[in-house]
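Undergrad: Sequence:
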Amino acid sequence: MTDTQTSPDTTAEKDTPPAVELPWADVHVEHHKMLRLAPLQTDRNTGGRPLRFVEFGYAERNSKEHSLMRMAIKLPGQRVRKEQNHLDVWVDHTTKRVHFEPESGLQIEPLNRGIGRYLAAQGITWAKKRWPAYTVDGTDLNNKDALNEDTRLRRDHFLRVHGFDVVYADAQHLKGSVKEVSVGDLLGDWNSERLQQVEILEAAQMLQQAEQNLAEQEVKLKKHEEKVSKYKREDAGLRFTITCLVAFAVFQAGLLIWIATHR
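Under the working numbering, the residues of the sequence shown are numbered 2 to 264, in order.
Quick caveat, the hints were computed from the structure, so don't treat them as lab data.
Computed from a predicted model, the values in this text were never measured in an experiment.
C-beta atoms are modelled at their ideal positions from N, C-alpha and C, and glycine is treated no differently.
Misleading hints may appear alongside valid ones.
[Unchecked claim] Distance windows between CB atoms, simulated:
| # | residue 1 | residue 2 | range |
| --- | --- | --- | --- |
| 1 | L41 | P103 | 25 to 35 Å |
| 2 | E181 | F54 | 34 to 44 Å |
| 3 | Q210 | R161 | 33 to 43 Å |
| 4 | Q206 | E31 | 17 to 27 Å |
| 5 | Q42 | T242 | 48 to 58 Å |
| 6 | T262 | E226 | 52 to 62 Å |
| 7 | K180 | Q210 | 45 to 55 Å |
| 8 | K75 | T43 | 22 to 32 Å |
| 9 | Q210 | N144 | 44 to 54 Å |
Produce the entire structure from the sequences given, and follow the hints as far as they go.
TA: Encoded structure:
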């Protein structure tokens, strides 16, 4: 599990056992929460980071052999690729092992907003409460991520803050892997300064406050418009007075000239 922008066909090649068909392929998220992405300074790599709200959805399934926590992030008014913004946590009760999907890595849009850490934290917390003695499978890391140093460091930091052990087989940090780890040793934390969960009552209060602020702004705007209208009327009256005074001054000047020339 990594927080990257890579595509599935770039995953490091390795010998893997035949894939076991898992249940619940048609399960979609059923429960929803609102997430607030805090406004942050513009990042030179990922661009602007304004205040934004997204939807977090999840579904849970359990059987004697398997358990599943399926999560997804929905962006209002924006479409993402099929492989983006979703994370599955699979539990095999027969072998007492846990693995994360997609195997190509967690791909998030928008980047650098704390969404990846939040998804990982939810999955880890879910598994940790129920099966702390189970083992999370180790995996090879995507070689392509290591070609860019910033991307590699961001990926490794993401994994390590959640309790995963990242190791490299070469000095160039190209052949990386994540070692097996006990579920109980993982850390289900995320950066709450970047991303906050918004409950229904909190959302209602935010809407109420926004509506109240809008009403107050409308009152202030109306007062300003009345002042502007008053100033416009006064300005029109002053212009008329000035025009009359100029006309009168011209008339007096003409009269004086006429009197002076006809004596």
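Undergrad: Now look at each hint and say whether the structure bears it out.
TA: Status of the hints after comparison with the structure:
no. : hint                      : result
1   : L41 <-> P103: 25 to 35 Å  : holds (27 Å)
2   : E181 <-> F54: 34 to 44 Å  : holds (37 Å)
3   : Q210 <-> R161: 33 to 43 Å : holds (39 Å)
4   : Q206 <-> E31: 17 to 27 Å  : holds (26 Å)
5   : Q42 <-> T242: 48 to 58 Å  : holds (54 Å)
6   : T262 <-> E226: 52 to 62 Å : holds (54 Å)
7   : K180 <-> Q210: 45 to 55 Å : holds (48 Å)
8   : K75 <-> T43: 22 to 32 Å   : holds (24 Å)
9   : Q210 <-> N144: 44 to 54 Å : holds (49 Å)
In this structure, none of the earlier numbered hints is contradicted; all agree with it.
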